[in-house]
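K.L.:
The primary structure of each chain is shown beneath.
Number of protein chains: 2
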Amino acid sequence: MGTLRKINLAEKLSSFEEAFGPRIIGRYNGDKIQVTKVRGSFIWHAHQDTDDLILVLDGKLVVEARDGAVELGPGELVVVPAGLEHRTRAEPEAHILVVEPAGTLNTGDSGEVAAPEVEI
Amino acid sequence: MGTLRKINLAEKLSSFEEAFGPRIIGRYNGDKIQVTKVRGSFIWHAHQDTDDLILVLDGKLVVEARDGAVELGPGELVVVPAGLEHRTRAEPEAHILVVEPAGTLNTGDSGEVAAPEVEI
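Protein chains in written order, with my numbering: chain X, 1 to 120; chain D, 1001 to 1120.
Calculated directly from the structure, the hints in this document are not laboratory data.
Do not rely on the hints blindly, as some may be mistaken.
Said to hold, decoys possible - Going by beta-carbon spacing under 7 angstroms, a handful of chain D positions derived as facing chain X: (1) LEU1004; (2) LEU1009; (3) GLY1075; (4) LEU1105; (5) VAL1118; (6) ILE1120.
What the hints assert, rightly or not - If you anchor each label on the Cβ, the simulated ranges turn out as follows: (7) GLU91/X to ARG1039/D: 38 to 44 angstroms; (8) SER1015/D to GLU11/X: 45 to 51 angstroms; (9) ALA19/X to GLU1071/D: 29 to 35 angstroms.
To be verified - Partial pick of chain X residues on the chain D-facing surface, computed with a CB cut under 7 angstroms: (10) PHE16; (11) ILE24; (12) VAL70.
Don't be surprised by glycine CBs; every beta carbon is placed ideally from N, CA and C.
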């Protein structure tokens, strides 16, 4: 049944620089718990089969949908509903926690090449 | 498919005082996203069918298992594996984010009365 392991988010984030390259830092049921650095704009995409849980850890994050946007600071979260086309954006940079099922492509249904699933 | 709604964790936490009374602040797939205030020690319990994702937002949280404990500060998380008997503890208080499937009892398999599922 495993045991308890403390995961420090800032420490994990300090171990890489790449933007839009999610790193898996833990597992929860069938989901991957990830940290990501957002710099500039990501591509428009949707996840047809899953919601996306996004919590801002550092910086300001804009999550845009076609019909409106939310701007989030540290300690604010948003759930992007399954099927909703969206795009994340940050100037200059935001750090976020993302929870979604293992196997979910960060580029969703856009047809763009997805980032590999990297565990740190 | 819904839309985007910003959720501010500190604002949600400031709306109640009760310890060990989780408040549901959002939904992610079949899961409830909750904030909880921990003050003193909770009871020993396990969740046989689900992991528990716990992120500390404020204060110091100790999560004890029978074979060891972790102490977490803000920005640190732990996944309590399904089936692992555990107990949370904080002196004087910690604020935490907890994600687990809807219907999961906060008292697990302990036989103690569970807190109601309250959405705020």
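K.L.:
With reference to the structure, classify each hint as holding or not holding.
P.N.:
A quick look at each hint next to the structure:
1. Hint on LEU1004/D holds. Least Cβ distance to chain X is approximately 5 angstroms, under the 7 angstroms limit.
2. About 5 angstroms separates the beta-carbon of LEU1009/D from the nearest beta-carbon of chain X, less than 7 angstroms, and the hint is met.
3. Hint status for GLY1075/D relative to chain X: holds, with the closest Cβ pair at about 5 angstroms, below 7 angstroms.
4. Here the hint on LEU1105/D is broken, as its CB sits about 16 angstroms from the closest CB of chain X, past 7 angstroms.
5. Hint status for VAL1118/D relative to chain X: violated, with the closest Cβ pair at about 18 angstroms, above 7 angstroms.
6. Checking ILE1120/D against chain X by beta carbon gives a least distance of about 14 angstroms; that is not within 7 angstroms, so the hint is violated.
7. Roughly 39 angstroms separates the CB atoms of GLU91/X and ARG1039/D, a value that falls within the hinted 38 to 44 angstroms.
8. As the Cβ distance of SER1015/D to GLU11/X is approximately 31 angstroms, the hint placing it in 45 to 51 angstroms is violated.
9. Our hint of 29 to 35 angstroms for ALA19/X and GLU1071/D holds, since their Cβ atoms are close to 32 angstroms apart.
10. For PHE16/X, the suggested interface contact is broken, since its CB lies about 17 angstroms from the closest CB of chain D, more than 7 angstroms.
11. Given hint, ILE24/X at the interface with chain D, is violated; its Cβ is 12 angstroms from that chain's nearest Cβ, farther than 7 angstroms.
12. Annotation: interface hint on VAL70/X holds; nearest CB of chain D at approximately 4 angstroms, less than 7 angstroms.
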